[in-house]
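Asks: For reference, the chains in residue letters:
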Amino acid sequence: MKSNYLIKLFILLLTFGLIITLSAQSDREIVDKFKAEYAAIEKSIKDATTSQELNLVLDKVTILKQDFTQHKELLDKSLYPDKYDESLEKLNKAYLLRQGDFSTIDVLQTEVGELKQQVEFLNKRNNELLVQVQKLEAQRDKDAKTIKKLENLVVELRSSIRERDELVLSMIDSLMPPTMSDKESLTLEDKNMIATKEQKDNVLNNVKTTIRDNIRFIQATSLKPDDLKSIREQQKDFASKWQKVGVKLVEVYAEDGKKSDELNQIDELFNEWAAVIKQEAWESINDEFSLNGIELMSFRNGDDFTASVETFIGDELKNLGLKSDEESKRIYSQFVDSTWFVSIQPVWMGYLVENKMLTDENKNKMESKIAEWKYALYPSVWWFYLMIAAVVIAGAAIYFLIRKKRQNRVSE
Amino acid sequence: MKRLLILFLFLILITAACSVLTLQPANFSWPIESVLPVDNEGKVTEDRYSIEVNTVGLFFEELQDSLSYKGKEVRMIRDNQGFYFLTASNFKNVYVFKADEGKLVQENKIFISEFGLQAPAFNQRNPYIELIDGTYKMNLTYKGIEGGSK
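In the order they appear, the protein sequences are chains A and B.
All the letters of the first sequence, read from the start, carry residue numbers 1376 to 1787 under our numbering.
All the letters of the second sequence, read from the start, carry residue numbers 127 to 276 under our numbering.
In short, the hints are calculated from the structure, not lab data.
Errors might be hidden in some of the hints.
As the list claims (entries may be wrong) - Here are the computed distance ranges between Cβ atoms for each label pair:
no.: 1; chain 1: A; residue 1: L1431; chain 2: B; residue 2: L147; range: 55 to 61 Å
no.: 2; chain 1: A; residue 1: K1410; chain 2: B; residue 2: A152; range: 26 to 32 Å
no.: 3; chain 1: A; residue 1: E1464; chain 2: B; residue 2: Q150; range: 31 to 37 Å
Glycine included, C-beta positions come from ideal geometry on N, C-alpha and C.
Based on the sequences and whatever the hints tell you, model everything.
Replies: Below is the structure:
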């Protein structure tokens, strides 16, 4: 029974061996099979979206080597332009290159994770600071202590907002490495590589929060030209970075169907930010006047500002004589001496002209109106001094004339 | 005798002057066969070796049908001596050609099977060309079959 079984097994093996020996294989078939497997591995390397997927490719490369090393001579002759070893070398290089991509992405994702925590912390802190600043700003009567506290808070808030902005920019950089941002459009594979679930809800919201906080900060505080200059620069930096990678980030992180809404929303926020910076200069100038008890008509541009100043002075000129002289001079002093020559002309005028928010013509109009006001309040008395001078000269002349005549008489 | 010697020397000189420059040995063999689809005009093109040849005559010779090339593939290989071996599925013969000016000229037609080849393939086995068809295989030269099993 056992010997029967062994004979059958022997015959089976013999037949199998004979079939293998007899069935001849085409060299072309071997080469084609190698090429097909090679191409499949190449595709797997390219299509891998995680490092785990990529690691599986390594096994396929090993199997390919095992299967085809015996045909090396044939493949060396048949593969063109690369030979067998060069082909495998190419495959290894492609694998290592892709592995490098994943390592870079892992590093960037870790970076993003850390940045995300810091940004969240700063978002919270900025929010608290903004609330405090708004409360202090809202107080009508501020004592020196409150003003100092407010100033310190504003400085702290500005630096904190700036720090957060920089973190968000770094986050954008990490999410969209230069190799990706320089591409005209992203492939599906690029998108998969960049996108991770945990960042999905975060990156666009962070950009929006950053812009909104900057807007709130500007609205809550009264800023000087130097601050505005630096905020304007910051806004430009952020906007240019967004212009470069924004569309791609939205493409990757926004939900399907909401992409265009997201993009419009962020673009509008950028426009609002730029407009608020522009408007802030006028509001700060208005605040300067208000602090000195001067209430001007509201203005949003250079022409409005000029008209507002001219109207105010025009009204004061009309009221000369109706108001007491003392009151008129007090208002003049508050306007001109305490505001115009202290903060408007030395601090703001350069900024306004430099940023083309005010023309030279507007500036001259306001200055001549102020001169007119001064003249009306303090009329010039040059003719009186002239008369005194004439009397003194005439007196001296008469004196010398009389003296000369006397001297002549004595000598005669 | 003297005249004979002069004539002999003269002939040697003439022969030397007329001899053609020959570079040898040369090996023309392709490492593997090319499987070439026949286009609508009956042409096949091998890009790697820059060969383009019209196969309408080949199909007519084999199948007696001038349109039978449509949708077919030709298997082609070159041996070390420079002869081209061509066949295709359902062919009973392997055709051997040699290159000439702007054409391939038939050198031999090797009969293989009355029933036609099912899935023929050529392998380069210097100095032979191995023809396989399923389990059958045989060695060919431009002169014909050189042993092998059938």
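Asks: Each hint: holds or not?
Replies: Status of each hint after checking the structure:
1. L1431(A) / L147(B): 55 to 61 Å: Since L1431(A) and L147(B) have Cβ atoms about 58 Å apart, the given range 55 to 61 Å holds.
2. K1410(A) / A152(B): 26 to 32 Å: Given about 29 Å between the Cβ atoms, the range holds.
3. E1464(A) / Q150(B): 31 to 37 Å: holds, 36 Å
Taken one by one, the earlier hints all hold for this structure without exception.
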